[in-house]
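K.L.:
Since chain G is already given, all that's left is putting chain P with the ligands on it; use the hints.
Protein sequence lines correspond, in order, to chains G and P. Take 607 as the starting number for the first sequence in the numbering used here and just add one per residue. Take 607 as the starting number for the second sequence in the numbering used here and just add one per residue.
Please note: incorrect hints may appear among the correct ones.
Because identical chains cannot be distinguished in the list, a pair is counted as satisfied if it fits within a single copy or across any two copies.
With a straight-line Cα cutoff of 25 Å, these simulated SDA-like cross-link-like pairs (lysine to any residue) come out [said to hold, decoys possible]:
hint, residue 1, residue 2
1, Lys-860, Arg-1009
2, Lys-981, Pro-886
3, Lys-860, Leu-775
4, Lys-981, Ala-1016
5, Lys-646, Pro-692
The hints are simulated quantities; they were obtained by calculation from the structure and are not laboratory data.
Number of protein chains: 2
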Amino acid sequence: MNTATGQPLSPAAGHSPAALHVLDHDDTVAIALRDLPAGKRISTPDGRILVITGDVPQGHKVALADVSVGSVVRKYAHVIGVATAPITAGDHVHSHNLAFSAHEGSSADDAAGEPLGPLELPDRRTFLGIRRSDGSVGTRNFIAVLSSVNCSATVCRTIAARAEASGLLDEFPGLDGVVALTHDQGCGHVAQGQGLAMLRRTLAGYAQHPNIGGVVMIGLGCQMNQMEHLLEGITFRPEVPVVSFTVQEQGGTKRAIARGLEAVREMAPTVTDVTRVEVPVSELVVGLNCGGSDAWSAVTANPALGHASDLIVAQGGRTVLAETPEIYGAEDLLVRRAASPAVARDLLDVIGWWEEYTAADGGGSMDNNPSPGNKAGGITTILEKSLGSVAKGGHAPLMAVHRYAEPISARGFSFMDTPGYDPVSVTGLIAGGCTMVCFTTGRGSAIGTRPAPTLKLSTTSDLFRRMGDDMDLDCGSIVEQGRSIESVGLDIYHRILDVASGTPTKSEELGYGDNEFVPWHVGAVT
Amino acid sequence: MNTATGQPLSPAAGHSPAALHVLDHDDTVAIALRDLPAGKRISTPDGRILVITGDVPQGHKVALADVSVGSVVRKYAHVIGVATAPITAGDHVHSHNLAFSAHEGSSADDAAGEPLGPLELPDRRTFLGIRRSDGSVGTRNFIAVLSSVNCSATVCRTIAARAEASGLLDEFPGLDGVVALTHDQGCGHVAQGQGLAMLRRTLAGYAQHPNIGGVVMIGLGCQMNQMEHLLEGITFRPEVPVVSFTVQEQGGTKRAIARGLEAVREMAPTVTDVTRVEVPVSELVVGLNCGGSDAWSAVTANPALGHASDLIVAQGGRTVLAETPEIYGAEDLLVRRAASPAVARDLLDVIGWWEEYTAADGGGSMDNNPSPGNKAGGITTILEKSLGSVAKGGHAPLMAVHRYAEPISARGFSFMDTPGYDPVSVTGLIAGGCTMVCFTTGRGSAIGTRPAPTLKLSTTSDLFRRMGDDMDLDCGSIVEQGRSIESVGLDIYHRILDVASGTPTKSEELGYGDNEFVPWHVGAVT
Ligand SMILES: [Ca+2]
Ligand SMILES: [Ca+2]
Ligand SMILES: [Ca+2]
Ligand SMILES: [Ca+2]
Ligand SMILES: [Ca+2]
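Okay, chain G solo, but in the shape it has when bound (with noise of 0.2 Å):
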């Protein structure tokens, strides 16, 4: 098969159920669908018989054809490393004789972004939001309630757990909640050092988030995130109401406690009294994201969510790609897309950065990726994962590079500069301006966010089954019932139209979101 054209060897389509799922046709590998004992002879696509050397897990890549010692293995049309032990047709490819190549590097000049091709365009192209005054449009409507330091996370979170417990809900139902926004941060950074400006950047993005319709902002007191300076970084919409307090001058934790309860119910009333309404796609701003990736990922959730992402982007919405080492060693297929040669630069200048970042801690290097979990799924190097990645980008044109939890100015398809993990990614992402996450996952990731709902996309139909309390979409049909990339992409634009217009997602059901609020922790801890 290949990926462009959406069209698998599928084990549903007609006659006995295929082996292998090859990705394209000049490709040395391809992906056992099943486990494959050594000694199992198989039919290629091209016809040819192959006798599998080893047992080969489902999910990991057989060899189709002979590859010697320092030669290139290929899979989903590009290179994915080289050879360091002799491979034969048949044999298991994985760590045992494959490894990660220095890639060339990029230049700015190749960025040729070219605009999306013709793309059939859905009927429905509204959701219900929330318009805000600044012109924004929310997917939800909270009370944050949030601590400029950890060390008045406990009164944070006892206000919102009172707050929710207390029927506040029931009583304005147009309020979706009381988010506890609270961290491990706010003291102890190094003055001159990153960690500060990073965690009041992330704070002032949430603060002001078009999902938030009113904020309780509480320091201890003595925090080096001192709460004028803060309050002085973020741009509140005139009708959001603020209360900020810090525990010491309140004279202690039951009094704050108390005094941020009544600052909440005091701005219920005000924060409830919005209406949905409809507006065009193009006001949507998605966040694109992936955790526990499988060799799936790259073949069935990651592309269908490329193709939504251009769904959004025809019609002028915004969709933003991040976890920056998870494209490292697959960048060029970014920088050619890019739209002019300054944003191609950033992205690149992004890139050298993390080089200095993960060498500084104890000589650690970028490919430290994919994690154990990847491993056992099949993925063996950073470069077939990074490939894999990108696909939940589509195919539009790089518009801007974000730094970490910056507002996303630029319409159509972006790139925020973030961590691959989870929540951290996640909260770069909400925090510039993000009012839902598209989530990809193949081993099965358990995340949600608050204030901007997580929908999490499931590769394979197994996993759905396993995690059904968890998964929002199957993406597992493209392979399991030989659906195609595009109709599936279709199901996840009319899904995160839904949750827009309010639909709760798995996460929230279950509810995630108060943990999952992870500002970088960037630089030292004094």
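P.N.:
This is chain P with the ligands only, laid out in the frame that chain G set:
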């Protein structure tokens, strides 16, 4: 006054309330006992009349003598910095005319730790502790629900909250609580970096803590901090029930929560089966910490805690000072107290590591302390703050320097290398085996910890009155009532034995502890 004799110049001493608190007869500065307006005439202890030249807030420093630019300023009989502008007797001395001067390096050969001199020991020399099978003694008896990665944090917190809400603690009175030990880390560490090893050591320290009677450990499944490696690094006592699983293998969030609740319920009868017995003070392991310090910390709570520490060490117990950045500049005091040149060298190595660590973050230096709160309270330089910080450690010889979260192997007084940031420092101490923590605060910290309790000591009676719901003991009586450091130190000693025997601290009553478990983020996040 001389802190060594503990005879303060007290406002309660009979004559008109003193305006100044002089710490040592050689000092160039005294502390304002109340706000002193410009023009005010006050008498010094040696009978001179001083005219205050500019408003001096309470707790800030007043010059007792003229100091020329570049000359040293003395407080606590130690140099705290050099004058950066001409200082005249009666001047307010603070950041505008005083700065930290680079200190001379200490040498390991300066190690000259002498045993504690004769101390009058109190009659009470035991507490009611929980004797564990490995000989350690707990002060509390908890079940821990521990996450290996942030991705399972919501599951862990939900289990702990539901277990406590279910009435389990009423049913099993020998159980002090179910604590969720969750954190932001566990994936996205640089493989060759230091972050993952430190996280594992911290989690292991909690899992095998004398205050933990049962453990439920939960991962997501695909995280970098794999369960088997984590479990390998933990030495569970044979009687401790341990249940571990992942969200993915359980089939998602709901089933993982149900499984965890079932595990807690099943182990509760075993865990609760303990009795408190009388044990000697030698079985105590007490962390010494501070946060939100003010100018009184060094005068009241810190030296009083130092006396309590001496009383414990004199009986063979363990006390542990920490917060390396806060002793920076005064490390020669500890080097001279080191029991051997090897211990002194360990301390100097740690100091050197910190200079590199902070320099790597945007060229920061160790002089990032005092915090804005410290400065508002009248502390000008890190040197001044450090002298006060070290006072918490009393006068006993320094027996060992432990790395962050390492088991506290040494009897007597020792040091652990931690940041100064409160939750991170206290987490390291508890991971090392501290069964309780004494925490001095001037501005008003609200910290509380589980499974080892934290006793909060206020540096002033004013703070004790303002935040009485959070403060356990008032050390301000040293200034306000003229009590001696030794008598307040004895009060602290008795309160330590009470809390170690089961009396709850204020922060335990308020429900603190789950948000204050913050393992040090030392490496890069990818
Ligand atoms: Ca958080
Ligand atoms: Ca990720
Ligand atoms: Ca990923
Ligand atoms: Ca925590
Ligand atoms: Ca501290």
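K.L.:
At 25 Å max between alpha carbons, let me know whether Lys-646 reaches Pro-692 within a copy, between copies, both or neither.
P.N.:
within (20 Å within a copy, 89 Å between copies)
K.L.:
Could you figure out if Lys-981 and Ala-1016 sit no more than 25 Å apart (CA to CA) within one copy, between two copies, both or neither?
P.N.:
neither (35 Å within a copy, 42 Å between copies)
K.L.:
When no copy is specified for Lys-981 and Pro-886, does a C-alpha distance of 25 Å or less occur within a copy, between copies, both, or neither?
P.N.:
Neither, since 41 Å and 52 Å both go past 25 Å.
K.L.:
Are the CA atoms of Lys-860 and Leu-775 at most 25 Å apart within a copy, between copies, both, or neither?
P.N.:
both (23 Å within a copy, 23 Å between copies)
K.L.:
When no copy is named, should Lys-860 and Arg-1009 be tagged within, between, both, or neither for a Cα gap of at most 25 Å?
P.N.:
neither (39 Å within a copy, 36 Å between copies)
Of the numbered hints listed earlier, those contradicted by the structure are 1, 2, 4.
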